[in-house]
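**Q** The sequence shown runs contiguously to residue 237 in my numbering.
Honestly, the hints are just simulated from the structure, not real lab data.
The reader is advised that the hints may include incorrect statements.
[What the hints assert, rightly or not] Below, in silico cross-link-like pairs of lysine-lysine (DSSO-like), each with a Cα-Cα straight-line distance of 27 Å or less:
id	residue 1	residue 2
1	K153	K123
2	K129	K153
3	K153	K184
4	K129	K116
5	K184	K123
6	K116	K153
[Said to hold, decoys possible] With beta-carbon atoms standing in for the labels, derived distance ranges:
id	residue 1	residue 2	range
7	R108	E173	20 to 26 Å
8	A84	E217	39 to 45 Å
9	R232	R189	14 to 20 Å
10	G233	N111	27 to 33 Å
11	F83	E217	41 to 47 Å
12	R93	E229	15 to 21 Å
13	E229	G82	17 to 23 Å
14	R168	A146	23 to 29 Å
Please read all numbers here as calculations on a predicted model, not as lab measurements.
Note that beta-carbon positions come from the ideal geometry of N, C-alpha and C, so glycine has one too.
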Amino acid sequence: MGKDNPGKSLDISGSREIDDFVRLAKAVAVSKGAATGRLILALDATMSRQPTWDLACQLQGQMFDAAGKTGSLAVQLAYFRGFAECRSSAFVRDTGALKDLMIRIDCRAGNTQIGKILSHTLKETARQKVDALVYIGDAFEEEIDALAEQAGKLGLLGVPVFVFQEGRDSRAESAFREIARLSKGAWFRFDRAAAATLAKLLASVAVFAAGGVRALEARNLPEDRLLIEHMRGGADR
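Let's have the full structure, built from the sequences with the hints guiding it.
**A** Here it is, written out as structure tokens:
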């Protein structure tokens with residue numbers, strides 16, 4: 001794809017919504033005292049995602065920018081690619097470095113390693129509570145039963161998985177919807193045509209990680225209501 005411009009809508013989506021998010025998240029930080037929301041952003045960096053990688057970087061970069069401005073949300077970047085390569089960063093509040101790292105990641109051929117991402121998230125939340133996992137990918141090449149068990153454990157621990165699916169692979173969609181359902185998260189289509197909506201939804205996930213459903217209800221933007229609806233199973237899943 002190269003460096004295609006996803007359009008003006010992506011740029012416009014950042015200003016008012018991110019400003020609202022910054023104001024709200026600062027208020028949430030005060031109410032939570034010293035507590036900090038923790039979010040893991042996990043990426044499928046296998047070769048099949050290369051055509052839309054630039055768009056993904058821009059959208060995920062917007063979420064990093066919003067999270068970094070609040071100071072109340074710690075973000076960890078995790079990704080897999082190639083032959084059994086699965087890595088993660090530290091949790092940081094200064095997300096500028098994570099955004100730079102994400103931009104430098106190149107896609108490499110290999111199978112999906114979603115099970116490792118779920119297992120990693122379970123281990124992290126055992127050390128210190130993780131408030132949400134965002135996963136962006138387009139394929140599923142693993143056994144769903146084992147991953148369903150991990151997703152269920154995350155749901156019991158209060159760690160919803162928000163899955164953003166690129167493309168329309170039916171097997172992947174079935175698995176992703178099940179992971180989202182069992183973890184009490186939500187599934188969405190990652191579509192170039194809906195870039196502005198996706199940017200807003202990612203910001204809503206950041207709001208949720210920083211302050212929970214109450215923070216989404218307090219901000220009450222359309223994307224916040226949509227996220228809540230999906231989490232409660234009221235949307236088309």
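**Q** Please check whether R93 and E229 have a Cβ separation lying inside 15 to 21 Å.
**A** Hint violated: Cβ distance 30 Å, outside 15 to 21 Å.
**Q** Taking the CB of G233 and the CB of N111, does the distance hold inside 27 to 33 Å?
**A** Once the Cβ atoms are compared, 31 Å apart, the range 27 to 33 Å for N111 and G233 holds.
**Q** Quick one: are F83 and E217 within 41 to 47 Å, going by C-beta?
**A** Taking Cβ atoms as reference, F83 and E217 lie about 45 Å apart, which means the hint holds.
**Q** With respect to the beta-carbon atoms only, verify the hint that E229 and G82 lie 17 to 23 Å apart.
**A** 37 Å, violated
**Q** Against the range 20 to 26 Å, how does the distance between the Cβ atoms of R108 and E173 compare: consistent or not?
**A** 24 Å, holds
**Q** R232 and R189, beta-carbon distance inside 14 to 20 Å?
**A** 19 Å, holds
**Q** Do the alpha carbons of K153 and K123 lie within 27 Å of each other, as the hint requires?
**A** 11 Å, holds
**Q** Quick one, are K129 and K116 close enough, alpha carbons at most 27 Å?
**A** Between K129 and K116 the Cα gap is close to 18 Å, so the pair holds against 27 Å.
**Q** How does the Cβ-Cβ distance of R168 and A146 compare with 23 to 29 Å: does it lie in that range?
**A** Check passed, 24 Å falls within 23 to 29 Å.
**Q** Does K123 sit within 27 Å of K184, going by the straight-line distance between their CA atoms?
**A** Cα-Cα ~18 Å, so holds.
**Q** Does K116 pair with K153 here, judged by a C-alpha cut-off of 27 Å?
**A** 14 Å, holds
**Q** If I claimed the Cβ atoms of A84 and E217 lie 39 to 45 Å apart, would that claim hold in this structure?
**A** 42 Å, holds
Checked against the numbered hints listed earlier, the structure breaks hints 12 and 13; every other hint is satisfied.
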